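Q: Fit chains B and C to the supplied structure of chain A, relying on the hints for placement.
Protein chains in written order, with our numbering: chain A, 51 to 301; chain B, 721 to 1025; chain C, 674 to 1000.
Simulated from the structure, these hints should not be mistaken for lab results.
Hints may be right or wrong, so weigh each one.
Said to hold, decoys possible - Some chain C residues near chain A, calculated using beta-carbon distances under 10 Å:
| no. | residue |
| --- | --- |
| 1 | Val777 |
| 2 | Ile865 |
| 3 | Leu874 |
| 4 | Ala876 |
| 5 | Asn880 |
| 6 | Glu885 |
| 7 | Pro891 |
| 8 | Val897 |
Predicted model, so just to flag it, every value in this text is computed and none were measured.
All residues carry an ideal CB built from backbone N, CA and C; glycine is no exception.
Letter by letter, the chains look like this.
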Amino acid sequence: MTDPLLKVSNMNKSFGALKATDDVSLTLMPGEIHALIGPNGAGKSTLIKQIAGGLVSDSGKVEFSGRDVTALRTVARARAGLGRTFQISSLAMEYTVLQNVVLGALGQQGSVMRFFRPVMKDRDLVDRGMAALTRVGLSDQAARRTADLSHGQRRLLEVAVALTLEPKVFLMDEPMAGLGASGSKRLTAFLDSLRAQAPILLVEHDMDAVFALADRISVLVYGRIIATGSADEIRRDPAVREAYLGAEDVA
Amino acid sequence: MSLILLIEQVLNGLQFGVMLFLMAAGLTLIFGVMGLINLAHGSLYMVGAFAAAAVAGWTGSFILALIGALAAAAAAGALVELLVIRRLYDRDHLDQVLATFALILIFSEGTRWLFGSFPLFLDVPAALAGPVMLPGGILYPLYRLVIIGVGLLVAAGLFLLIAKTRIGVRIRAGEADREMIAALGVDISKLYTIVFALGAALAGLAGALVGAIQSVQVGMGEPVLILAFVVIVIGGIGSIKGALVGSLLVGLTDTLGGVLLPPLFESFMQASSANSVGSAVASMSIYILMVGVLLFKPSGLFGGN
Amino acid sequence: MPRETLLNIILFLMLPATAGAALLLDEPFIITLVTKAAILALAGVGLNIALGLGGLVSFGHAAFFGLGGYAMGILASHAQSYTPLMETPFLIEGTKSMLVIWGVALATAALAALAIGALSLRTTGVYFIMITLAFGQMLYYFAISWPAYGGEDGLSIYVRNDFPGLNTLDPIQFFAITFGVLAIALFGASRIAKAPFGLALSAARQNPERVETVGLAPFRLRLVAFVISGAVTGLAGALFADLNRFVSPTMFSWHTSGEIMVFVILGGVGRLFGPVAGAALFILLEHVLGGISDFWQVYLGLLLLLVVLFARGGLIGTLAGREVAHD
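Next up, chain A with everything else stripped away, as it sits in the complex (with noise of 0.2 Å):
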């Protein structure tokens, strides 16, 4: 059996007495998509901040590859290897598109401390950011601003600067949110085909796009995970059916 990309082991998170990460324990093998769904409420977007090393936890183990990252915050991580992309498009707006692009590029890259040659100049960065631009569908957007798209549009980008990280593991919040049904759609096609590049830890309320795409399906509510499985066990599991539809429809 090959080991998990990621691992995540018993993490806790409390916010006073609400406990919003009640002992989660979660895997992502190589070439899946794991999508985890829940409730609004139920802490996934707390789940992926402490996933991606925004927010510490109080207690638990994050590995990846391997290795344990626990102890790292998120610059660290993401240059381990984490590519995340956020539920609220969070991008330099006054840039344009294809800056946005580079400047993942550069992350990537990691030379940082160059002064004097013009980074929208340098081939290599901006070939790798047109790439990625290409593959979501927005080369045409590339000199626009960003505060000008649409929303769904910033998703979009979104998925792009993730991808000119060239992760070993997607982490994505959301990716689907205000992007529409043709959008999400072409959207879900791509993701397909993204998880062989690299494992996905997806977020998302589009349930057709879940369990079109899920490998596996996580359920979170109220901070825990009360079942993993496969999109048809997941369907079927009364504890899932009772938190999504209440208690009285299970009988």
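A: For chains B and C alone, kept in the frame of chain A given last:
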């Protein structure tokens, strides 16, 4: 050093700290409630001092002078809030810094225009002049003791105001959530004007009280303003309790540092250079204190994150 | 050609043109004013790297300006009195060489910026503003209470320092030196803004979370920017001291920090030539309004207030319109 001298210096430090508190309380309140950094707070201190000196000059009454200082500073504060400050709440800190820096230029040069460059003098009222005998045979100026008393009274009043009164509830609510309080039907812009005027009045009071021991002149508010910034950075921006603790810390450090450090350096250096090194370090002592606090608590002693 | 580029060229040429015209009209005082504008612009170019590019609202750049000034004052005063700075453990002598003084000013300011930045950049927002302000004041009070170099009275240097091949006491030649330095600094600043470092730094201003997510540490970017920024402002301080042949604690005062900030804002934050426009306007106002009223700073205050409240983007923003996303 004799114990008596030390006690005297501690009292001086307290008096200085209490004055700083009057400044810092307004600054921190304005920042906590409105999110505004106000450099012109020192100008309101100056306005208070000049108003007190002018009123005392006309009437000869110290009480009227204090009332005049409070009224003038509060009025100047309210006016500035209505004309300028309220346009700045939604701006970034850079804009706030620059606009209030501009206000300083206008206030300072405007005052110089009106009153000239020569310092004015405000006398300590006869009833409060002269020293009193404290237990232990310490002679200490009564007026300075009164300042300490007034400062502590104001501090107590401020805590009561915020903890017990309706306006205090609104201030606390405004700190927590502006939209919420607006949704509850409280006139938020009126509240802001009141808070700003209150902060201004405290600064004006401080200016008037200090004006009687120092000369009243243009620019007098600026050193105090910067110390008040140090105070609220140490105490934690937005916290009245932090402002009180920070004020007393800064007041005592500044006063005692100047007295204690030169002899301390003399214990292991030549007297002449010890004196200069000692006074140089003493002049920086509060900033060193601030750096020390921030190394351990980047958002101040009582500041949230 | 974009309007901003055209405006930049005009602004850039305006300084030597004014100095040249003053030379022809035999008005050395005007040359000195233009020189002062160029030096203050240089200080602003330094601040703009931190403020405009990095979004770091430093209210303590007077610290670096003053350190540069005192680097000049201390070295030149020792050279002037033929006494060494120190003899043990090794001999350091004073100097009248501008180039050496610049090197010392740059290095001193950079080191100070490293220390101040490393502490201040742990905080953000208002805390950062106030802490940088406090560090500036700390040095101000130190300069006042340290008697060795004049204390409150400052230090006078009788003869301007030497520059190889030029007579620095001739106003136009000294102007040429300062203008040359300003030109180099502007060129450097424009390269930094477009270089990989500038891209990342400016992104850290717009969205630090984004920068972290691509694996870059905003703190390091900001610290390096702060050091470069402080060093350039320090160099301006050395030139300013040389212009006046005098240094005093005033160079450290928070008014100086405020004024350097005002140059940047009057001209336009984040605009390459903003500090040039701002410093030139400041000197012009000081000269023109100062001639009308002793209280010219009231008008300066009103103007600044109007710019902040209504003309965001400063002079260049008003004349050249919205910033084009540059690539």
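Q: Does each hint fit the structure? Answer for all of them.
A: Okay, the hints, checked on the actual structure:
1. Val777: 22 Å, violated
2. Ile865: Where the cut-off is 10 Å and the nearest Cβ of chain A is about 5 Å from Ile865/C, the hint holds.
3. Leu874: Holds: closest Cβ of chain A sits about 9 Å from Leu874/C, inside 10 Å.
4. Ala876: 4 Å, holds
5. Asn880: 5 Å, holds
6. Glu885: OK, holds: Glu885/C within 10 Å of chain A, min 4 Å.
7. Pro891: Holds: closest Cβ of chain A sits about 9 Å from Pro891/C, inside 10 Å.
8. Val897: Constraint on Val897/C satisfied, holds at 7 Å.
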